[in-house]
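Student: Residue numbers (the numbering used here), protein chains in the order written: chain A, 1 to 183; chain B, 1001 to 1183; chain C, 2001 to 2229.
Take the hints with a grain of salt, since some may be wrong.
[Said to hold, decoys possible] Here are the simulated DSSO-like cross-link-like pairs (lysine-lysine), alpha carbons at most 30 Å apart as the crow flies:
| no. | chain 1 | residue 1 | chain 2 | residue 2 |
| --- | --- | --- | --- | --- |
| 1 | C | K2139 | B | K1164 |
| 2 | A | K16 | B | K1044 |
| 3 | A | K44 | B | K1025 |
| 4 | C | K2024 | A | K164 |
| 5 | C | K2008 | C | K2045 |
| 6 | A | K21 | C | K2045 |
| 7 | B | K1164 | A | K16 |
| 8 | A | K16 | B | K1078 |
| 9 | A | K22 | C | K2139 |
| 10 | B | K1025 | A | K16 |
| 11 | A | K22 | B | K1025 |
| 12 | C | K2102 | A | K16 |
| 13 | A | K16 | B | K1022 |
| 14 | B | K1016 | A | K44 |
| 15 | A | K140 | C | K2045 |
| 16 | B | K1022 | A | K44 |
| 17 | C | K2143 | B | K1129 |
| 18 | A | K140 | C | K2102 |
| 19 | B | K1078 | A | K21 |
| 20 | A | K25 | B | K1129 |
| 21 | A | K22 | B | K1078 |
| 22 | A | K140 | C | K2212 |
| 23 | C | K2166 | C | K2102 |
| 24 | B | K1164 | C | K2102 |
| 25 | C | K2143 | C | K2045 |
| 26 | A | K164 | C | K2063 |
| 27 | A | K16 | B | K1016 |
| 28 | B | K1044 | A | K22 |
| 29 | C | K2101 | A | K140 |
| 30 | A | K22 | C | K2143 |
| 31 | C | K2008 | A | K16 |
| 32 | C | K2139 | B | K1129 |
| 33 | C | K2139 | B | K1078 |
| 34 | C | K2143 | A | K140 |
| 35 | A | K44 | A | K16 |
| 36 | C | K2143 | A | K16 |
| 37 | C | K2212 | C | K2063 |
| 38 | C | K2070 | C | K2212 |
| 39 | B | K1016 | A | K25 |
| 40 | A | K140 | C | K2139 |
Keep in mind the hints are simulated off the structure, nothing from the lab. Just so we're clear, the structure is a prediction, and the values are computed from it rather than from any experiment.
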Amino acid sequence: MTINSQLETILFVAGKPLSLKKIVKVLQVEEVTTQNALANLCLKYNNQESGIIIIQNNDEWQMLANPDNHEAAENFLKAEVSGELTRPQLETLTVVSYCGPITRPELEQIRGVNCSLILRNLMIRGLVKEADDPSGLLPKYEVTMEYLRHLGVNNLNELPDYDKLHNHEHISITLAQTNKLAS
Amino acid sequence: MTINSQLETILFVAGKPLSLKKIVKVLQVEEVTTQNALANLCLKYNNQESGIIIIQNNDEWQMLANPDNHEAAENFLKAEVSGELTRPQLETLTVVSYCGPITRPELEQIRGVNCSLILRNLMIRGLVKEADDPSGLLPKYEVTMEYLRHLGVNNLNELPDYDKLHNHEHISITLAQTNKLAS
Amino acid sequence: MNEIKLEKFQGPLDLLLQLIELEKLNITEVSLSQITEQFLNFLDKLENDRSEELADFLVIATKLVYLKSKTLLPYLYPEEDEGPSLADQLKMYQQYILASKKINILWSQNRIAYGRIEPPVKNTEFVLPLNARTGDLLKSMEKLVSRLRPLNPLPKITIDRAVSVKQKIESIWNTLKQHKKLNFTDLIAESENKTDVIVSFLALLELMRDHKAFINQDSAFGNMEVHLI
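Here chain A stands alone, though its shape is the one from the complex:
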């Protein structure tokens, strides 16, 4: 069987987000081959009429139902009670969405307030997690698949004004400043 087909099976069987590293390990092929297969699968599934889609969150991938069919899916499953986001939660999630993976000092530089409690609260809710980043001394935070899944976007770069806010001219300077202070 082709790599594409095996990848499709694994994402289907997993039922949860899988890291690229994990997929490479299971398929036992080169990373670049896996990345190509993932790109092919996205092309195959991520079109308007598909009932199944592939979502990417930075380094993770998951096969999910098309959010446009959420009503049909809800007829089946008990709809989840996820509740509203408070303003501090929303603000923090927004910055982490556009600038993640991001350290706490960087986040606090942008928001101007201490963020330890709000980060903890979002991590317990499963909307933010520590990114897998063995290089850094400070932990970096990123949003979870759970969050993306709820927004109904396939990829962070589909968020409104992503390019502008992701590569914001002041961010890099501000963050460089934070890092200088920290070092």
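Following the hints, put chains B and C in place on chain A, whose structure we already have.
Tutor: Just chains B and C, lined up with the frame of chain A:
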């Protein structure tokens, strides 16, 4: 969205065989329309290179992984349930060992992160199970007898420093904060 | 100024944004320096109800006072690249606030991508993970317990009611007219708190700008002598 797309979503999320009658009810369309959509979906999926297939068993329909990819699927499941625990998995198992039976919110308050996926994984590996506790509204988790036997202890209180760590002040303070926040 | 309620803002940057909007100003260094006083006025209100946030507000208050002094006496601050200004920081914050409103719309649509309900996986044989023996559990538990050690509460910072810059200018001006000369140290000797010192300093800068006073200082951080002109 088209009926085909909604059907695809429903079979995907269901994860079990669905009767034609049930599908008709969820989609809220004519039986003949549903049958046509099922035939279309079979055409779409049931080809040699597909990682997912649709099978029909008399009156029931189910979406499954292509059996030709069983090796890849088994590789994945084996990787899930063997090998060393990740650091978050080990920490979760530790808290369940020293502080169980424990609810998920309590566990998450102690660890400061969402634990649903990790708990699921530990349960698949047979290390943790839901405790029999008919009184509680929330399920409580505890380690399995099998795990204890393999550790060579007869009872949780034989774990090193159990008395000291089981009721450690830092843990009770953390939990008291949860209850305060929840109230 | 009192139209902004304490519970209506998230942090110092949010307060700044609201003050700017209230005054219908653009975000520039000059307009920020204009609302310094209004901002400082919120500090003592914070102390009663949201003291845990005081540190964050003081950071921004310092930047504002710096801006204000720079606007009053620009010749003391040679042109140099100082990195992103408070105005830049605030503009950036504003963009994320706007984005967060769009994110909230996405979130509230409940257009959720659902996952599969997986059939239960049966684990056929039990394998003890190599790193989950009693010694591993003990080590992991000890690490966790030490991580959970409750943090010492922040030292309580007290900020008392701030005297307005305007009142302070008058008071210094009156003293100066009487004595012709005075030491800044004496001027702030009776200050009850840091805000008071900041306000005195700002008042002094205003007097200098208006050519009512000049200052002699022998060395950096040395005593400042204030003279009547």
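Student: If you test the structure against every hint from before, which numbers come out violated?
Tutor: Checked against the structure, the hints that fail are numbers 6, 7, 11, 15, 22, 23, 24, 25, 31, while the rest are satisfied.
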